[in-house]
Structures are given as structure tokens and as C-alpha cells.
Amino acid sequence: MSTMTLEDTERRKAWGFVAPALLWTIAFFVVPFLFMAAMSLWSRQSGQIVRAWNLDNYIAFFAKDSLFKGLVNSLEITLIVTVLSVLLAYPLAWIIAERVPKRFQRLALIMAVLPFWTSYVVRSYSWLLVLSKNGVINQTLMTLGLVSEPLEIASNRTATVIGFVHFFVMLLTLTIYANLIQLSPNYRRAAADLGANALQTFWHVILPLTLPGIMTGAFLTFVLCIGDYVTPQILGGNNELVLPQIIMLQLGRRADFPMAAALSIILMLAVTAAYVLCARWLKIERA
Amino acid sequence: MRDTLTKVASYGYAGLIYGFIFLPVAVLVLFSFQDGRLPVPPFNGFSLQWYEAVFADRKLMAALANSFMVAIVSSVIACLLGFLAAYALARYKLPGSALQRGLLIAPMTVSYLIIALGLLTVLNTFGIKLSLWTVGIGHVVINLPLCFAIIFSSMGDHHINIERAARDLGANDFKVMALVTAPMLLPSILAAFFLSVTFSWDEFIIAFLLSRFDVTLPVEIWSLLRSGLNPKTNAIGSLVFLVSVAVLAVLELTLFGRTKKS
Amino acid sequence: MTAPVSVHNASKTFGAFTALNDVSLDIKAGEFIVLLGPSGCGKTTLLSILGGFQSPTKGRVTIGGKDMTSVPPAKRPTTTMFQDYALFPHMKLRDNVGFGLRMRGMAKAERDDKALGFLDLVGLKASADKKPHELSGGQRQRVALARALAVDPDVLLLDEPLGALDLKLRRQMQDELKAIQKRVGTTFVHVTHDQEEAMAIADRIVVMNQGRIEDFGPPADIYMRPRSVFSAGFMGEVNFIPGTVKSADAGSALVETAVGSIALPIKSFTVSAPVAGQTITLCIRPEHFRRAGEAEGPVASLGEATVTGSAFFGTHYRCHLKPSAAPDLTVVAHMPQSAAVADGQIVPLAVNLADIVALPSGGN
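Residue numbers (our numbering), protein chains in the order written: chain A, 1 to 287; chain B, 1 to 262; chain C, 1 to 364.
Calculated from the structure, these hints are not laboratory results. There could be a bad hint or two in this list.
[Claimed, not checked] Each pair of labels, with its calculated beta carbon distance range: (1) Pro187/B <-> Asp194/C: 36 to 46 Å; (2) Asp194/C <-> Val113/A: 45 to 55 Å; (3) Pro187/B <-> Tyr187/A: 28 to 38 Å; (4) Val73/B <-> Pro38/C: 48 to 58 Å; (5) Leu94/B <-> Phe17/C: 14 to 24 Å; (6) Leu199/A <-> Val73/B: 45 to 55 Å; (7) Ile59/A <-> Phe17/C: 57 to 67 Å.
[Said to hold, decoys possible] Once the Cα atoms are required to be at most 35 Å apart in a straight line, the calculated DSBU-like pairs of lysine-lysine come out as: (8) Lys102/A <-> Lys131/C; (9) Lys93/B <-> Lys66/C; (10) Lys130/C <-> Lys114/C; (11) Lys175/B <-> Lys58/C; (12) Lys131/C <-> Lys13/A; (13) Lys182/C <-> Lys58/C; (14) Lys58/C <-> Lys28/C; (15) Lys28/C <-> Lys178/C; (16) Lys92/C <-> Lys178/C; (17) Lys13/A <-> Lys93/B; (18) Lys130/C <-> Lys175/B; (19) Lys130/C <-> Lys75/C; (20) Lys125/C <-> Lys182/C; (21) Lys175/B <-> Lys92/C; (22) Lys114/C <-> Lys13/A; (23) Lys64/A <-> Lys133/A; (24) Lys175/B <-> Lys93/B; (25) Lys129/B <-> Lys64/A; (26) Lys7/B <-> Lys102/A; (27) Lys133/A <-> Lys59/B; (28) Lys75/C <-> Lys131/C; (29) Lys75/C <-> Lys175/B; (30) Lys66/C <-> Lys13/A; (31) Lys182/C <-> Lys175/B.
Where is the CB? At the ideal position from N, CA and C, for every residue including glycine.
Build the full structure now, drawing on both the sequences and the hints.
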């Protein structure tokens, strides 16, 4: 029998249980990330990766318009998508939570997110069917005689935004509904009791109380949207590339891993900045 | 009067958004039955030829099987590691436990593209060949935080004494976990597992960058897209959708219906 | 089976907080021991140390003569019955009770048989195939008892097992616990903060306060002859009257108090022999007051007192009195049902000398 106390033996066992998950995360997430960060400081010259430490890739990013424009496009599209999605999803979530009878709410919610269950790649593709030159919308408009030439709504930023908004409206409806439903009805009763009308109640009571939930949903939207390659690649055409597309270009045609790594780090910094802004803004709101 | 007006406005708005949400899916499914070469109007008539084409496509069927394998295996590993870590961090006082939790959750906040790229650079450096195994490793990385978070949050303090009682009656840690903790947390473990399966099943970028000869379904569909608008893509897309919805309906009616009652 | 339990100089600290302060205790095999005290007194910590859920910072625990200080719960001859019962919610009662036997590798048929026997012991044989959520609180409590006893422990540890039950059921369960303990002969160590429960079931009571043992003995001793002011107060209502020892010899001591001088026999000093000049506290239970002439044996007279309030309690009147000699003092005394007491009435106060306990003042 050793001199270890019961607590010591317990703690040793606990390390054994948590170790596999920690090691997995370190080996396949932390180490690769550090590798990539290191690689972003190397460069690729005449087909070879040169292990000389410098900031060339980052300098090139700010110098070359084709690269820098990718970040600008990404940020613009992501912001538009986030704002549009919240604005469209909030009323729907509110209607489901407030207007739909209790026993149909679960069904209404399941229906609102049903297209989640199409494959992600297929979901963007199916918007092509709707938006392309000979797609459903254009053919309908032409048959009705509203336009004579097909509208250019696929293969551009509009199509990308529509594809994204479609996905995130579903996601946000779910999160905002979850937020609304857990508010006590007594808040509303209290506000009404004190003389607030429906609009005042919403503006002064319901909205502030659901704001943290909205911000969480919005942040999630931001992260998923800015990092996505599939939707802009299928719907966006070749004119306004976003950062993930440019990263994939470095990997594919040019096999420029260091540049791809540098762009990934920049992408991550953008997400971190968004997080810090969100967190700070929320803190100010609450204070 | 004003009440009816808001009611009409509410349902009108909901109808519009539901229309927006369902439009592409409806078009997708409808034109998977297209009797013709283009999945766009006009609808020429009902045909199952594209479903036949899907089932006859060896590569597509192989990708389907691969996706299934990767999803199941990576989700089992993610759930197992997540459960063990959650058990250790919820039940024992370990130094730096907040840091450990942060580390385990961290991959959730990073884009899949970045995770895939990092893994790719490491695999390239060490000369490890890309395969379904490397895809699986990547999928465990993205699903482990999810499984850990779900299971950790369901480990309430009211379970502590129950586990103590089991230990007191002679169970070792593995027996406590297998016979007491896991059965008690079964709903959340299953939720974590099915969510992981869904994510892995549908994941594209990691599967795309970390696989070579054997690919998963989203990657195979991606290569189908190069042929442009094609009713066969509609057919495989509709198939995945309808099967997912059917599985979801069964789960909703059995598993989650049951947990609600007890 | 059954075994004696010893705790040697056990201390447990959590950072700056001392939960257990140099506690020593010897429990005989087959005893029903109650650890009694207010919340935070260290009784639950002591139980955890006996059960192996915590190890003492200092000191040792032996069970059946073997050192158990760093033996994990599974390897100790103890089982614990938890306050919240801690039944396995997903298992039938049969499987709950048979769990410990299963861990010991007993075959299914045999352990089912044994589990049924223990369910029978607690009167729940007919419910063997039910799950815990189908039971009432009292029934769950019985299952927890059956489960803990099924592995035939030497020592059963009970962590406030009756705390969640209503009063009537609690009284009933106390009787059952006591009867079952007699039948199985296992050493029981039971934690509670309810002194009536302690007196109802214990062979011996351990009164604890602030991590220390204040008193240890059979219920009647603890109640009638407490060894600390805390113990006297915790066991039931008591009047504390400060006093000073004027003189002391081998047989008795003269104590001066605000209500007069009393010659106390040496037996009244439960902690230490009196020393002249020592300040002490006299403890007198309300039911020990006698009206002059009613008392048997040597009596101390405390002079006259005025009734300032009274209430009828069924078995007695509970009266507040103001002694004429010390109007600042309030004394609580029980008067018989037949005594028609009225406010303002003046009554003589007397106490059997044997009923008075004198304790050193000033803490422990």
C-alpha cells in the first residue's frame, strides 16, 4: 500500500480518462494549427517550399489587390448575410413562439428546419435550379411575360447571399425560438400590467431579453458563413471570390501551401475580431 | 379587427418564409423525377430513370457506403472520447480543468477549412497517405467538442451520489461508467452521437481535402456538379433528403417521444 | 457480519476551513451509533472518511482492526445509504438491490434470489420488478437500505437517510431501522441533525460541533448528564444559570448563583471536579422543576418566581418565569397539566439536586 491518499489515486485515474480526448485534440488540432502558423511564415519559390522565416505572404496579402479583395468580399457578404438572416428569422421565430398554438409549435419548428436534411452541397446546387438562366424563376417570369430576357441572378453575389440566407434563416429561427420560449410569460404580463402596448413590450422587454441569444446566433452565422467554400463556389461565379475560395485556389492550381496557410491565419483573425466585438458589445449592453 | 389584421400579417409572413425555405428543396425533388435531360422547367413527365442511374452508379454507391462508415466510426470515437473526458472533468477535481475544457471546445470556433488545411500540412510533412482514415480523424476533431459539450452539460450533480453508491457497492470506474453513468445519460449520449453522424455525413471540405481515391458522398456529389445541371444530382440529393427525413421521423416518434414521457 | 470501528486523531481541512478537528472515536461491533450535530459540524465529513469517499488530512481509520485510511470505498467492508437514496434510476428494484452482488461476480439466479430476500426484509418483495420512479419516498428509502445491506457489510453508514421524509413517516422508519439493525447485527453509523431521531434509534450518540466531538454516550446520559454546554443545549430545551464555586471538598461543592447558594453533590460536575473560584454554568431542564413538596430526595430551592407567560402543550404547561431574586433571568419550566397557572402568579421553584448538571463556563 502506497502513501497516496484516496484523492491522489482518484486524480490519477481521472487524468487517464481525460487524456485520450486531450491528446487527440492536441495531436490533430493544436499541433496542425501551429504547423500551419509556422508554414505561413515560409514561402514558395519556383515550385519549392523554402523554410526561411519571413512575412512575405502577409505582405503580399496586403499588397496584392486580388488577395486583399477576397477578405473584403468575405466580410461584406458575411455581414449582409448575418443581418438579413437575423431580420428574416426573428419574426418567424416570434410567430412560431407566440402565434402558433402550443401543440403545433414543435411541428412548425421541425418544418422550418426540414431542408437542413438535404446534403449541404446539394442545397446550394438546388438554388442553381431556381436561379439559373433557364431556372424556375426566370422561366416563370418569362412565361408570365414580365421580362423578355432572363435575369442574371445566378453566378454572382446575390445568388451567394440567397444561398447563405436560406441556410442561416433556418439555423437562426431555431436558436431564436429557443430563446423566446424560455422567457417567462410573466414579463409580458408585467409589462402589459404597467401599461405598455404590444410594440412597447416587444421593444423594451422582449428584444433586450433575447439579445444575448440573437448575438450568439449571429456570431455562429458569422463564423460558419465566412469560412464556407461550398456556397460561394457553386453560386457565386468567378467574379467576386471570397477568402476560402482564394485559399483553395492556392492549394489547387498553385500548390502554394505557405500562402494558403497565411490566408487561413488571416481568416481566423477576422473571426477572432468578430468574437471580441460581439463579446464586448454584449458586455456593454448588459452593464 | 386589429387582431385579425396582425393574424393575417403573421401567417402571411410565415407563409412567405416557409415558401423561401422550401422552394429549392421542392424544385430539387420535383425535377429528380424529370423525364428529360435538364432538371428545369418545363416538367416533361414523371420518370424514375435518374434514380435507376443513381443506383447503377458504382462510384456513387461506394461513396455512400464510405460516408456511412466514416460517419459511424468517427462518431463512435468522438462520443467515447467525449464521454470519458466529460466524466473525468465533471466528477474529479483536476488542475487546470477550465483550460482543459477550453482546449476541448476550441475546434468548434475554428472554420472547418482551417482545421482541414492544418491537418493536410501535417499529413504532407510526415508523408502520411490520404485516405478515409484521415477523413475520419478530421471528423473526430470537429465532432469531439460537440460530443464533449453535450455530454458534459448533462452530467448533473444529482448523479454524483448514484455513481458513488455504485462505487461503494464494489464497481470499478469502468463498471460505474458502463452500468450506471452511460445508461443514465443515454438520451444526451444518443443526441451527441446522432448529431455527430449528421455532421460527418454531410461534411464536405475536410472530406474533400483529406481524401484521395476513396471519397465520401458529398465529395462524389461535388464531382457530379461539374457536369452542370443534371437530374441525376437531383435524384441522389432527393434520396439523401428523404432518407434523412424518414430516419428523423422514426427517431422523433420513438426515441425522443419516449424520453419526454419518462 | 459486523465489525468495530476506530477513528484515531482524524483531521480534515479544506484550505483554511477545518471540517474535522482531531477526532477520535471507538465504536463497538454491532452498535447503532448516531452522529448528531448542526449542519457544518463535521458529521458528514466524518461519515465520508469512514466510507472512503474522502481521506483524512491527518489521522487513521480502522475497521475490524484493519487500517482503512486509504482504502477506496469499493474495497471497504462498509456501504453507505445516501440522503437522496441514489438508486439507479434505470434499473428495476431487483437489479438495484442485486448490484453489489453482481459486482462481486455472483451469478444472476443466485443474486436475484438474494435480492428478493432483502426486498422482503424491507417489505417490498412484491415490487421487485418496478423501477425507482414508481415508488414513494419511504419506499425508495427502504430499497436503498436493502441495497446497502445486500452485500453483507460489516458497517452500514447512513447519511441523513430520513431527512427527506415527512414527520410521521420518519418516526415509522426510525422504528423499522432500529428493528432491522437488531436483526442483522451490522454496525450502523447514522448521521442526523434531529436530536429526537438520535434518541429514538441510537445505542450511543456522538454530539459534534465545529469539527469536534462534544459528547459521546447513551441517549439518556447525553440528555441527563451532558458533558458540554453545547451538548446540553442541542439535545433539548435547557436553562443555563451562571454560578461560581465558593468552596469544594471531596463530596460536594457550594455554588453561588443569582437565585441563591446551592450545595451540589460532586456527581453533578460531569466534566471535572469543582475548584473554588471557578465559574460554572448550571443546566436545568424545564421538566426538572418541582414545586416545593412535590420533589423526592434532596432538593435545591431556587426561591420564588413570577409567571410571566404560559402555554398549554398537551403533556404539560410551558411557563416563562421571572425569579424574584434575579429579575433579569428568565427561566422556562414545565408545569403539570393539572396546574392551573396564570400570569402574575407567584410559585416557589425547586429542583432535585440529582437533576442539576454543572459545567465549566466559557466554551468547551
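Quick rundown of the hints versus the structure:
Checked against the hint of 36 to 46 Å, the pair proline 187/B and aspartate 194/C passes, with Cβ atoms roughly 38 Å apart. As the Cβ distance of aspartate 194/C to valine 113/A is approximately 54 Å, the hint placing it in 45 to 55 Å holds. Distance hint check: the CB atoms of proline 187/B and tyrosine 187/A are about 30 Å apart, consistent with the given range 28 to 38 Å. Valine 73/B and proline 38/C have their C-beta atoms about 56 Å apart, which keeps the hinted 48 to 58 Å range intact.
Judged by the Cβ atoms, the range 14 to 24 Å given for leucine 94/B and phenylalanine 17/C holds: they are separated by roughly 21 Å. Separated by about 53 Å at the C-beta atoms, leucine 199/A and valine 73/B satisfy the suggested range of 45 to 55 Å. Evaluation of the 57 to 67 Å hint for isoleucine 59/A and phenylalanine 17/C yields a pass: the beta carbon distance comes to about 58 Å. With a C-alpha separation of about 32 Å, the suggested pairing of lysine 102/A with lysine 131/C holds against the 35 Å cut-off.
Between the alpha carbons of lysine 93/B and lysine 66/C the distance comes to roughly 29 Å, so the proposed pair stays at or under 35 Å and holds. Among the hinted pairs, lysine 130/C with lysine 114/C is consistent with the structure: their alpha-carbon atoms are about 17 Å apart, no more than 35 Å. Only pairs whose Cα atoms come within 35 Å are accepted, and lysine 175/B paired with lysine 58/C is accepted, the gap being roughly 31 Å. Of the pairs offered as hints, the one joining lysine 131/C and lysine 13/A holds, with about 32 Å between alpha carbons and a cut-off of 35 Å not exceeded.
Distance hint between lysine 182/C and lysine 58/C is fulfilled; the C-alpha atoms sit about 34 Å from each other, no more than 35 Å. A distance of roughly 23 Å separates the Cα atoms of lysine 58/C and lysine 28/C; the hinted pair therefore holds under the 35 Å criterion. Distance hint between lysine 28/C and lysine 178/C is fulfilled; the C-alpha atoms sit about 16 Å from each other, no more than 35 Å. A hinted pair counts as satisfied when its Cα atoms are at most 35 Å apart, and lysine 92/C with lysine 178/C qualifies at roughly 26 Å.
For a cut-off of 35 Å, the pair hint linking lysine 13/A to lysine 93/B stands: about 11 Å separates their Cα positions. Proximity of lysine 130/C to lysine 175/B is assessed by CA-CA distance (about 23 Å); at most 35 Å being required, the pair is judged to hold. Distance hint between lysine 130/C and lysine 75/C is fulfilled; the C-alpha atoms sit about 30 Å from each other, no more than 35 Å. Of the supplied pair hints, the one linking lysine 125/C and lysine 182/C holds, its CA atoms being roughly 21 Å apart against a limit of 35 Å.
Distance check on the hinted pair: lysine 175/B and lysine 92/C sit about 18 Å apart at the alpha-carbon level, within 35 Å; holds. Only pairs whose Cα atoms come within 35 Å are accepted, and lysine 114/C paired with lysine 13/A is accepted, the gap being roughly 33 Å. Simply put, lysine 64/A and lysine 133/A have alpha-carbon atoms about 33 Å apart, close enough for the 35 Å limit, and the pair holds. Between the alpha carbons of lysine 175/B and lysine 93/B the distance comes to roughly 20 Å, so the proposed pair stays at or under 35 Å and holds.
Proximity of lysine 129/B to lysine 64/A is assessed by CA-CA distance (about 34 Å); at most 35 Å being required, the pair is judged to hold. Between lysine 7/B and lysine 102/A the CA atoms are separated by roughly 16 Å; this keeps the pair inside 35 Å, and the hint holds. With a C-alpha separation of about 30 Å, the suggested pairing of lysine 133/A with lysine 59/B holds against the 35 Å cut-off. For a cut-off of 35 Å, the pair hint linking lysine 75/C to lysine 131/C stands: about 28 Å separates their Cα positions.
Only pairs whose Cα atoms come within 35 Å are accepted, and lysine 75/C paired with lysine 175/B is accepted, the gap being roughly 15 Å. A C-alpha spacing of about 25 Å is found between lysine 66/C and lysine 13/A, which places the hinted pair at or below 35 Å, so the restraint holds. Using a Cα cut-off of 35 Å, the hinted pair lysine 182/C and lysine 175/B holds, with the two alpha carbons roughly 33 Å apart.
Every hint from the earlier list agrees with this structure, and none is contradicted.
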